[in-house]
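When we follow the numbering used here, the leftmost residue of the sequence shown carries the number 38, and every step to the right adds one.
Rather than coming from a laboratory, the hints here were simulated on the basis of the structure. This one's a predicted model, so the numbers in the text were calculated from it and none came from an experiment. Each hint should be verified, as a subset may be incorrect.
Said to hold, decoys possible - Derived pair list, reagent style EDC-like, types lysine to aspartate or glutamate, alpha-carbon separation capped at 20 Å:
id, residue 1, residue 2
1, Lys125, Glu206
2, Lys62, Glu206
3, Lys128, Asp198
Stated by the list, open to error - Cβ pair distances, simulated, as ranges:
id, residue 1, residue 2, range
4, Gly226, Asp184, 49 to 57 Å
5, Val67, Arg140, 20 to 28 Å
6, Ser124, His77, 36 to 44 Å
7, Gly152, Arg219, 43 to 51 Å
8, Arg140, Glu206, 15 to 23 Å
9, Met177, Trp112, 24 to 32 Å
10, Arg221, Gly152, 46 to 54 Å
11, Lys129, Gly224, 45 to 53 Å
12, Phe187, Trp112, 22 to 30 Å
13, Lys216, Leu146, 28 to 36 Å
The beta-carbon is built from N, C-alpha and C at its ideal position, and this holds for glycine as well.
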Amino acid sequence: MAKKRPRRIKGAKPSDPLVLFLNAKGFDLVARIVDKHPGHKSLLLYPTIANEAFALELYLKCLHRIRRRRGRKVWGHDTKSLFDTLSKADKKTLSKYLLEIVRQHPDYLLMFSKGISFDASAVAQRASATFAKGRYWSDMNLPNGDDDGFVTNAGVGNLCDAIVKLILELRPDWEERLKNFRFRLPGQGLLPT
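Using the sequences and the hints, build the whole thing.
Rendered as structure tokens:
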């Protein structure tokens, strides 16, 4: 007997950047919700940063798909490489947006005074392989550090915000589509928004 193929989302294609954006937003929201959890900070640290880094990876891949870089395949968990292969204009825009966002963070001056860089490339470097390594923190394999040796997720969520800002400038209709997105699961029907 032949295996049944898994169902696809109706009307969506595997290369649809909107579907990738929705996927990224889900992991981003999970990381933010877990980060606000009132207890178990140590236990939730790596699940939070793994989800955050995976959201960043997916947002970067979404931006690549929107830009449709011909002949350039984007894959893997290396957010630094995904960032580095963006156009100079996109990197410059994201760096500008990131600085605008992090300067509003209540701990920005404290982290900056300790030498933590909020350059978009440094943030992407710190997030590289965090999704893969964070899932197996029990192996004591720490996530990547930046060139200054900092191993932190500082700025990762903010870089996600910067990428979302750029994506929504390129695809302004996606904000409404995001608000109204609902899965239809077999046997359950439409899930709530």
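Hint check results:
Only pairs whose Cα atoms come within 20 Å are accepted, and Lys125 paired with Glu206 is accepted, the gap being roughly 17 Å. Distance check on the hinted pair: Lys62 and Glu206 sit about 16 Å apart at the alpha-carbon level, within 20 Å; holds. Distance check on the hinted pair: Lys128 and Asp198 sit about 14 Å apart at the alpha-carbon level, within 20 Å; holds. In this structure, Gly226 and Asp184 meet the distance hint of 49 to 57 Å, their C-beta atoms being roughly 51 Å apart.
For Val67 and Arg140, the Cβ-Cβ distance of about 26 Å falls inside the hinted range of 20 to 28 Å, so the restraint holds. Distance hint for Ser124 and His77: a CB-CB separation of about 41 Å, consistent with the stated range 36 to 44 Å. In this structure the supplied range 43 to 51 Å holds for Gly152 paired with Arg219, their Cβ-Cβ distance being about 45 Å. At about 20 Å, the CB distance of Arg140 to Glu206 agrees with the hint of 15 to 23 Å.
Here the CB-CB span from Met177 to Trp112 is close to 27 Å, well matched to the stated 24 to 32 Å. Between Arg221 and Gly152 the CB atoms are about 49 Å apart, so this pair conforms to the stated range of 46 to 54 Å. Roughly 48 Å separates the CB atoms of Lys129 and Gly224, a value that falls within the hinted 45 to 53 Å. In this structure the hint that Phe187 and Trp112 lie 22 to 30 Å apart at CB holds, the actual value being about 27 Å.
Checking the proposed 28 to 36 Å range against Lys216 and Leu146 shows it holds: the Cβ atoms sit about 34 Å from each other.
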